[in-house]
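The hints should help you fit chains B, L and S onto chain G, whose structure is shown.
Listed below are the residues making up each chain.
4 protein chains.
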Amino acid sequence: MTKQIRVAVAGASGRMGREVVKMVIDEADFELAAASARSTGPVDAGTFVGKPVSGVTFSSTLEEALDSGPVDVVVDFSVPQVVYDHAVAAITRGVRPVIGATGLSPEQIEELDRLCKERGIGGLIAPNFSIGAILMMQFAAQASKYFPHLEIIEYHGDQKLDAPSGTSIKTAELISQVRGELRQGNPDEEETIEGSRGGYYNGFRIHSVRLPGVFAQQEVVFGAFGQSLKIRHDSYDRAGYMPGVAVAVRKVMTYEGMIYGFEHIMD
Amino acid sequence: MTKQIRVAVAGASGRMGREVVKMVIDEADFELAAASARSTGPVDAGTFVGKPVSGVTFSSTLEEALDSGPVDVVVDFSVPQVVYDHAVAAITRGVRPVIGATGLSPEQIEELDRLCKERGIGGLIAPNFSIGAILMMQFAAQASKYFPHLEIIEYHGDQKLDAPSGTSIKTAELISQVRGELRQGNPDEEETIEGSRGGYYNGFRIHSVRLPGVFAQQEVVFGAFGQSLKIRHDSYDRAGYMPGVAVAVRKVMTYEGMIYGFEHIMD
Amino acid sequence: MTKQIRVAVAGASGRMGREVVKMVIDEADFELAAASARSTGPVDAGTFVGKPVSGVTFSSTLEEALDSGPVDVVVDFSVPQVVYDHAVAAITRGVRPVIGATGLSPEQIEELDRLCKERGIGGLIAPNFSIGAILMMQFAAQASKYFPHLEIIEYHGDQKLDAPSGTSIKTAELISQVRGELRQGNPDEEETIEGSRGGYYNGFRIHSVRLPGVFAQQEVVFGAFGQSLKIRHDSYDRAGYMPGVAVAVRKVMTYEGMIYGFEHIMD
Amino acid sequence: MTKQIRVAVAGASGRMGREVVKMVIDEADFELAAASARSTGPVDAGTFVGKPVSGVTFSSTLEEALDSGPVDVVVDFSVPQVVYDHAVAAITRGVRPVIGATGLSPEQIEELDRLCKERGIGGLIAPNFSIGAILMMQFAAQASKYFPHLEIIEYHGDQKLDAPSGTSIKTAELISQVRGELRQGNPDEEETIEGSRGGYYNGFRIHSVRLPGVFAQQEVVFGAFGQSLKIRHDSYDRAGYMPGVAVAVRKVMTYEGMIYGFEHIMD
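Chains as they are written, first to last, in the numbering used here: chain G, 24 to 290; chain B, 24 to 290; chain L, 24 to 290; chain S, 24 to 290.
Bear in mind the hints are in silico, worked out from the structure with no lab data behind them.
For clarity, every value in this text was computed on a predicted model and none was experimentally measured.
Zero decoy hints are in this set.
Rough simulated footprint, nothing fancy, chain S against chain G, three-plus residues with beta-carbon under 8 Å:
(1) 142-155
(2) 164-172
(3) 248-258
Here a beta-carbon is modelled for each residue, glycine too, at the ideal position from N, C-alpha and C.
Next comes chain G alone, as it looks inside the complex (with noise of 0.2 Å):
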């Protein structure tokens, strides 16, 4: 039998903290080991998220949890804020993070690597864990190349506040790193409707949908004479991003140093 993969998860009452724990409940070859919330009270993890009791009580502080027996890896979508504090404790402890998170600075992912590399553990630290996001923009980096015009549309639900997407601006960046200088369209282009262009970025332009009911989508449309390409991801669910947490638990088990983005692990 091979050994199970004994898993922490951290902000476990949270939105994807709880996906992450049915996650871990449902993985074969993982064991829920520990769990921290900050404020539900020590309830039983399983029962919060709505399967069978799994043993595991809430922590209401990380470290806490990290203490309370041996943990392999540990899970964390938390705030910013608190992500660094949380991946020092857990390496320190020679607990491997997984995080999803951005915002950390250049400085703190050196010092998080070179901690990693001191305890001869791994980690990884990823902005977005789905596949066909992350396949979606390395196809429309690689598309960029024989079709240098595009643009970019990205749909969200109507109350997300900032556009353009945080993906979307990933998107841009990879394609501009191989795209080469192109500004698009008629330099006499006029907008009777400020806006109705989109936002330029580059030489190209994003559009970002605001729209009840989509969780988050994108599409990247080229155009050259005669043809069109579209390469397109929707996401529906957040459980979406399960698969690619899954992968990268088994993953950060395998190298050492801290790894930053969920592409860099892909076969």
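Relative to the frame of chain G, chains B, L and S by itself:
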């Protein structure tokens, strides 16, 4: 045998004019009766468009063309500045005008209506002869009664000067007539890249994509809890307007007065 | 203050029943009056669906539920076999049935209509409460008058047993009523892989895609020279039907007799 | 000044041949050196395609065309039956063949490779010169490693004789090479309309839509829990292949031996 409709074509050497000449030659119940083209010289209209010799030689003015023999209907896709004079010249001669143009004033349309009725003939002015585009607009307006959250995304060639497109503005107007007041989106929304949320029209947004290889496309997307509805029209070719022009030529023989808008002669 | 509508839910522990209970609790002008569930025991309906205590305890039969206090409307998404008896029981008690089911015979519908009229109350039987799906079907039928060349592509989850979907067949029927005779495609067409051209229905084709992660989607594509028109409806969630059910509950209070088809109560 | 590449066009009066002639005339680094067309008589190639007089008169055979002066590359979109003999005639004369055809046997390709190497020149045989279609196929194959549940939907004009399309079968082959064994769908699935589930290929399905106005489109749809990925290529026009042909003409000058498949000369 049904009597054939004798059709004259104004501006027959222009991009739309050429398509009209081809269509008139191809339709069994139409007869090419006359054609005008300012600067081609007296060449044969059929040969000019890559068809067999038609026996109709280009006149340099529309008046000359209309006086060259009996004509039932004249199709005119000339520039807006000359369209009104063309229409007066036609109606005066008892010829029904089918006009593809925007920009006529309400007073001009009223006067043409008066002239048509005086002569007991019909006429049509239509900014759009695309049956598919008109259905898209009608369906979008109807859907907005039930799904008030929507955005419009329109695609045109990358050399188009104005944004958003005339069709998208027309669609937005039709929607606004039935949708009621609603300002979509989060009131605290912020654009980190200016313009990314598109052009604001009466509570919703219009996005204009410009890419090479695109002729004219538009999608209206409706979002609601748990579902979305999309209505999309793609135009690949100027020739796609011709079935609508043919319908108009036949219809204009059957009524009196000037009608504005192709949708009003659809069954 | 408007009087509230007192709503009972049949089969309240089923997948659709649970959504109905949630909706009834959430809508301000509805009051949850009773609920039946065969095998849950006498638990609180609110608690059961993850809402606050509702004060309504599940009855084990619908009759019992309807006799527990005054009820205006009963919503029933039970299996077809019991729906008819449920409806008779409801109407007999002066309760208006809103039924989400297929499979009732014309004779049964006629009899229920007679009973409704006898009692002076309304009733609704609808195979589909999705406003978006109904609009899609109506638009598709209307478009087929102008664009007789079309194909239907429908998408459902990969464990669905039957193909094509009920909605796609209903769409095909509605289209056939207005489209006239036309056998599309090349008469000498050959399939090198059997079935690749899809299912044949009255001159056109239906394609059924089955993939994990899909709930219910359908696209009707129309093709003509130089243009295409697409009407697409995507359903992500059972809860997307609830706005339609809420409309039905309100409407059924306003007429007499049994109506078949949600489209007939849309404005 | 860069030396121009002298290009001959075989079958220059055919639909693809005409596009090739136009492209060769338009590209600054190409020179139209010769052209063959069986049945046009000795007319000027430029005039024939609607361009200015080119000074190149159609020869009635390719051999005659190749012997009329120095030629670097011959582009050949002739029917499969004559392509092999054309290629031998070209290579023997030291002219690099760029061939757009399917149907050559492995032995023929091997022999042409041997001849090319003997003469120290390059050659290319490609069933598809559409860069967009090739990217779509490559992306689809790559995505199927992570998303093994997929279906292919391809769209062509309604007079196409065979289904599914060559491109969709090629895509299915490429996917099958990396996807591993998986029979999708519910094993107890039933078709109430035969063929609605599409054509079966190695565990997944191909759907062929045939509509007027469509040139060539294909979409590969991947489904997984909570997400979907779509890769779509739309071809509107034969001329959309010409950028790929131009790339091939330049590339074939730079290597020795016969290469099969445009993807192998993409960077």
